[in-house]
Amino acid sequence: MFINVVVGRPALGLLMAALVGGVVFTQEPAGGGQAGDSALPNQFEIAASWAPLGTEDVQNDSVPVDYLGLAITDEARTRALSYDESQKSMMERQCQGWGAAYAVLGPFGLKISTQSDPATRRVVSYTIDPWEDWAGMVIWMDDRPHPSEHALHTQAGFTTGRWEGGALAAHTTHVKAGFIRKTGVPLSDQATIDWRFFRHGNVLTVLMVARDPVYLEEPEIISKGFRLSAAPLDYRDPCAPGFEGHEPGDSVPHFAPDQNPFVNELVELYHLPREAVLGYRETLYPEYRKKIKDSYVPPPPCTADCGVAGNFVRRRGP
Amino acid sequence: MRRSLVALTALVLVLFAAGRPASVRAQRQGGPAPASARDTAPIDLTGYWVSYVTENWRYRMVTPAKGEYRRIPASPAALPIIKTWDPAADTRAGEQCKSYGAGGIMSVPGRLHITWQDANTLRIDTDAGTQTRLLRFAGQAPASSTVPTWQGDSRAHWERVPAPDRGGSLNVVTSHMRSGYLRKNGVPYSDRATVSEHFDIAPLPDGGQLLLVMTTVDDPVYLNGPYIVSPHFKKERDGSKWEPTPCSSTW
Numbered sequence: 001m002f003i004n005v006v007v008g009r010p011a012l013g014l015l016m017a018a019l020v021g022g023v024v025f026t027q028e029p030a031g032g033g034q035a036g037d038s039a040l041p042n043q044f045e046i047a048a049s050w051a052p053l054g055t056e057d058v059q060n061d062s063v064p065v066d067y068l069g070l071a072i073t074d075e076a077r078t079r080a081l082s083y084d085e086s087q088k089s090m091m092e093r094q095c096q097g098w099g100a101a102y103a104v105l106g107p108f109g110l111k112i113s114t115q116s117d118p119a120t121r122r123v124v125s126y127t128i129d130p131w132e133d134w135a136g137m138v139i140w141m142d143d144r145p146h147p148s149e150h151a152l153h154t155q156a157g158f159t160t161g162r163w164e165g166g167a168l169a170a171h172t173t174h175v176k177a178g179f180i181r182k183t184g185v186p187l188s189d190q191a192t193i194d195w196r197f198f199r200h201g202n203v204l205t206v207l208m209v210a211r212d213p214v215y216l217e218e219p220e221i222i223s224k225g226f227r228l229s230a231a232p233l234d235y236r237d238p239c240a241p242g243f244e245g246h247e248p249g250d251s252v253p254h255f256a257p258d259q260n261p262f263v264n265e266l267v268e269l270y271h272l273p274r275e276a277v278l279g280y281r282e283t284l285y286p287e288y289r290k291k292i293k294d295s296y297v298p299p300p301p302c303t304a305d306c307g308v309a310g311n312f313v314r315r316r317g318p
Numbered sequence: 001m002r003r004s005l006v007a008l009t010a011l012v013l014v015l016f017a018a019g020r021p022a023s024v025r026a027q028r029q030g031g032p033a034p035a036s037a038r039d040t041a042p043i044d045l046t047g048y049w050v051s052y053v054t055e056n057w058r059y060r061m062v063t064p065a066k067g068e069y070r071r072i073p074a075s076p077a078a079l080p081i082i083k084t085w086d087p088a089a090d091t092r093a094g095e096q097c098k099s100y101g102a103g104g105i106m107s108v109p110g111r112l113h114i115t116w117q118d119a120n121t122l123r124i125d126t127d128a129g130t131q132t133r134l135l136r137f138a139g140q141a142p143a144s145s146t147v148p149t150w151q152g153d154s155r156a157h158w159e160r161v162p163a164p165d166r167g168g169s170l171n172v173v174t175s176h177m178r179s180g181y182l183r184k185n186g187v188p189y190s191d192r193a194t195v196s197e198h199f200d201i202a203p204l205p206d207g208g209q210l211l212l213v214m215t216t217v218d219d220p221v222y223l224n225g226p227y228i229v230s231p232h233f234k235k236e237r238d239g240s241k242w243e244p245t246p247c248s249s250t251w
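As given, the protein sequences belong to chains X and Z, one line each in that order. Numbered according to the working numbering, the first sequence terminates at residue 318, and the numbering increases by one at each position without gaps. Numbered according to the working numbering, the second sequence terminates at residue 251, and the numbering increases by one at each position without gaps.
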């Protein structure tokens, strides 16, 4: 009967048109914005496998002395110059792994999962799976407090997080004394790290702001991009120490800080200023570029491993 | 039945008129202008910002060696251009701004001055190369020039965080650019390239602010895949360190 009424009444056609038109016209942009605005798509969905992009040089670990892009204290510089990377071939040090900052400074991707309270279904934590030489990270989302300052410090540290402005904001404390770079630049157990995880489409950008009152003159800020991986990442192989040339009980390989044989390697390879290679603060700002403009001599043309598939740094000759 | 149907129709029409956007009603009634991109901005990008070069230092703070294009997915078509880069020839041809185009300008160390040129156009001035980018929001007429420019045509829109949270991101898509360089040493992008950016802000522990510009360059001619970087900037209190410099082919 209702159908008969609709078909038989022109006024009702007008009613239907008005209803449809009203619905269309009353659509407002999300959040009270303007036409063309949109809601941030998928920004809360970070539980996935994320492969590294590799289009930015954030590792800076291809030669033994490379502190480019850091603002470190004199004490940190001295300690870093005393570091010999062959320490990591000692049996007892092979599986020490790297600290929390290695999430963005390392070469691997991120496999992120979420854990929920079975009763409330609220997210309790996000977990970034460990790699062979990285301890992984748990980001607690349930408002639990950070432990006492006297609590155990670990490679992973203790991290809490919350959603803020469309990004996952996290804060790490209780890190064990370790390194901010694989070239031996130290990070103290007083360091803290703030993180932001921004998802835009299929790209996840992880922003790390590391502060250290002992070894960093300014925060180390790294933003590293990852792309959504169709294939799940799997880095579950545990570290297994093996003989790499050092017997247990051997002395720890090191250099006297003023006798590091690699101190000029990057300087000579790319004609870079020494203060930049050694991590002086002023080298991070545009004024420094103007300062060295007249003294910088470009290196000779690249002839080997010049592209994306090659080594990221030209190695020494035989 | 007919009487009630007519009444219902009238009611819906009243609701329909009342439900139309305030902007439409305002225009008919001579009321306030529609909400602008400036008025509805979920984040404040305005101010002076300085590059904080902690990544890609060797590719940004100094001019890399001729022929080096590490970490850029250059296509085979790009290789002859990379290998024959001649900055002097660029200067002679009046093309010394090739590394200051929209495809690479945000990675050039320098300062940004971000202002609202009008209610729906965000303006970014750079002191390095003395460039100006105009980010036009919905409703703005496209740039009038039919000739590609270094900064191209940029369409912007806000991406908002759903309530009750607050905040958001600025998405900008730029096309119609002159062919330029992704790096100072002549790694090219073509005039068919597009640049997609997200501008995000994060607080710094010392109370300052950080601007993060996640940038994706797609180019069917000179790139095998997207080139993605995320340069970041610290906010400065004022423009006292603002120092415009001209484009340079070599530095």
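Heads up, a few of these hints could be off.
Claimed, not checked - Quick look at which bits of chain Z chain X covers, simulated, 3 or more residues with Cβ under 8 Å:
1) 47–58
2) 92–106
3) 112–119
4) 172–183
5) 186–195
6) 220–229
Calculated directly from the structure, the hints in this document are not laboratory data. Just so we're clear, the structure is a prediction, and the values are computed from it rather than from any experiment. From the three backbone atoms N, C-alpha and C, an ideal C-beta is built for every residue, glycine too.
Please verify the coverage claim for the region 92–106 of chain Z: does it have three or more residues whose C-beta sits within 8 Å of some C-beta in chain X? violated (count 0)
Residue count check for the region 220–229 of chain Z against chain X: does it reach three with CB-CB under 8 Å? Holds: 3 residues of the region 220–229 of chain Z have a Cβ under 8 Å from chain X.
Under a C-beta cut-off of less than 8 Å, do 3 or more residues of the region 186–195 of chain Z approach chain X closely enough to confirm the stated coverage? With 0 residues close enough to chain X, the hint is violated.
How does the region 172–183 of chain Z fare against chain X when you require at least three residues with a CB closer than 8 Å, holds or violated? Answer violated; 0 residues pass the 8 Å Cβ test.
If you look at each residue in the region 47–58 of chain Z, do at least three have a Cβ nearer than 8 Å to any Cβ of chain X? That given contact holds, which follows from 9 residues of the region 47–58 of chain Z lying within Cβ reach (below 8 Å) of chain X.
Verify this for me: three or more residues of the region 112–119 of chain Z with a beta carbon less than 8 Å from a beta carbon of chain X. Violated: only 0 residues of the region 112–119 of chain Z have a Cβ under 8 Å from chain X.
Hints 2, 3, 4, 5 from the earlier list are contradicted by this structure; the remaining hints agree with it.
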